[in-house]
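Residue strings, one per chain:
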Amino acid sequence: MRLLEKLGFALAVLVLVSPAALVFLWMLSLSLKTELDNTAWPPVFIPNPPVWDNFAAVFARNDFLLYTWNSVVVSFSATGLAILIGVPAGYGIAKMRATRAAMVILIARITPGLSYLIPLFLLFQWLGLTGTLAPIVITHLVITVPIVVWVMIGFFEGLPGELEEAALVDGATIWQAFRHVAFPLARPGITVATILAFIFSWNNFIFAVVLAGRETRTLPVAVNNMLTFEQISWGPLAAAALLVTLPVLLLTLLAQKQIIAGLTTGGVKGG
Amino acid sequence: MGNSAAALPNSTAVAAPGRRRNYARHYGWFIVPAGAVVLAVILFPWAFTLFMSAHDWKIGGGRLYVGLENYRKLFTDERFLWSVLRTLYFTALAVILPMLFGTAAALVFNRRFPLRGLARTIFILPMMATPVAVALVWTMMFHPQLGVLNWLLTQLGLPPSMWVYDARTVIPTLVLVEVWHWTPLVMLIVLGGLASLPVDPYEAAKIDGASAWQAFRHITLPLLMPFLVVALIIRTIDALKAFDTIYVITQGGPGTSSETINIFLYLQGFAYYNMGYASAVVVVFFALIVSLAALLLWTRNRVRSA
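First to last, the sequence lines map onto chains D and U. The opening position of the first sequence corresponds to residue 1 in my numbering, with each subsequent residue numbered one higher. The opening position of the second sequence corresponds to residue 1 in my numbering, with each subsequent residue numbered one higher.
Source of the hints: derived by calculation from the structure; they are not laboratory data. Values in this document were obtained by computation on a predicted structure and should not be read as measured data. C-beta: ideal position from N, C-alpha, C; glycine also. One should not assume that every hint holds.
[To be verified] Between beta-carbon pairs, the in silico distance windows are: (1) U/Ser-196 with D/Gly-80: 29 to 37 Å; (2) D/Thr-173 with U/Leu-295: 40 to 48 Å; (3) D/Lys-6 with U/Ser-196: 25 to 33 Å; (4) D/Leu-106 with U/Gly-255: 52 to 60 Å; (5) D/Leu-129 with U/Leu-221: 45 to 53 Å; (6) U/Gln-155 with D/Leu-36: 18 to 26 Å; (7) U/Glu-203 with D/Arg-187: 37 to 45 Å; (8) D/Pro-184 with U/Asp-166: 34 to 42 Å; (9) D/Gly-171 with U/Leu-100: 27 to 35 Å.
The task is simple: from the sequences and hints, build the whole structure.
Next up, the structure:
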């Protein structure tokens, strides 16, 4: 009876994780097979032998390196800026118990990404910024800033205030108390905020699909264009998809503890 | 522990009121830079959208004040009204199924078992993966002739499906992707709730001879309710806003049979460049999202006080 229960439980776990695992394994399988195997019926599951041609094909065409560079620039800038302004903001809101400021962040979470785009699109045109990466970085702040502020509010509220108060009593300014006392204590929270902001910025599609020109596409937009505009075979498509999402998957595997902690504090999600 | 409750809109500032507040206003400076950004990229677009929605505004075509005409047109635009119904249909399925599966998954992951960390990480991979990349793989799997899903169906003795290539099956198919994608978020929120449950009631129930189901029904479920409501609201908002996977997989097709409000909005704004009309869609869309979220909160409060 005990054994049966254990087996049933193991089965339940298997049922839960297999949809997730199988889709990614299928992505990997498609990317490592020849075109002949990819369109075979019944499907070929294990690449035999695995071929790397699809990955070579992705890099050979499509300025893939340029788009990778664009994605890196956009995600790092949007995350860095968000940390720079979001961490103090989270601190301020936590200290002031500014519920209304927190509500604004919630509104940002509720609003569909497209709604920001219509006015900002016109604004960027008017400012002559179209065709550069600046509009994409700026719009990605819509995702990264609320994530950082939200995570940091939760984190700073959980910190005991005694140490800072002691610093204040000793004559430190509130900036010094933040910079030398609260900030170092908040490192774990900042790590969580950075990882989440980076991932959701990297994954974002909606802002770049509207704002990016030929030279300023981010990776998700580039991959979508491969599907829509170029009659391209499955192997290179799967290889490109895998390359786009691989950094994020690796980051998730490496930092799963921080990610889970961050996500449970507020169900943050970008876009 | 109590951190999970931070997702509740009304619980952000519930800590000790008795603390010294004399420094409070100085902390305002910490918020100024973020406030400026929020003003520029969140509040300014909002105000400007309201303004634009009262104009006939086409890119390259100038603008004309039309008052509420865009809204009037919107409520008689059959294509828009269908997109609303479609969105509600999609949302209902894409909320209920992840709630059920996510809660079940959380109950499993709340127990200790070997390799739990690894299993949990694999389980949350879908929600972290790049939606466009994932949508691409699903598109290939949905291929009616060569897709692996139809091969699976035939192995199980079922007839093959047209998946996203048929107007009748396209929405349930997109729901399938959405369920795969976002069940992990529900699981994480509920798991956070389970971790915060007290142990005492269970011991008392055990002494009183309650069955596992009774304990779940009368202890776990009521205590879990706040977390379930948070998950429900977040899931509802996200399902209403779903865009990436629908856009990549079908772009609203075949025909307009998977055109949700968000896709309609995209097409109006960035395919037809009807900026004024699209702005009106934004306003109505936002009102719909807020009122549904408020309705859920209100129902929950009614249930609790009854």
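Verification of the supplied hints:
1. The given range of 29 to 37 Å is respected by U/Ser-196 and D/Gly-80, whose C-beta atoms sit roughly 34 Å from each other.
2. For the pair D/Thr-173 and U/Leu-295, the beta carbons lie near 47 Å from each other, so the given range of 40 to 48 Å is met.
3. Between D/Lys-6 and U/Ser-196 the CB atoms are about 27 Å apart, so this pair conforms to the stated range of 25 to 33 Å.
4. Between D/Leu-106 and U/Gly-255 the beta carbons are some 36 Å apart, a value that contradicts the proposed interval 52 to 60 Å.
5. With their beta carbons about 52 Å apart, D/Leu-129 and U/Leu-221 fall inside the hinted range of 45 to 53 Å.
6. About 22 Å separates the C-beta atoms of U/Gln-155 and D/Leu-36, a value consistent with the hinted range of 18 to 26 Å.
7. Restraint check, U/Glu-203 to D/Arg-187: a C-beta distance of roughly 39 Å satisfies the suggested window 37 to 45 Å.
8. In this structure the supplied range 34 to 42 Å is violated for D/Pro-184 paired with U/Asp-166, their Cβ-Cβ distance being about 58 Å.
9. At roughly 58 Å, the beta-carbon separation of D/Gly-171 and U/Leu-100 lies outside the given 27 to 35 Å, and the hint is violated.
Comparing the model with each numbered hint stated earlier shows that hints 4, 8, 9 do not hold.
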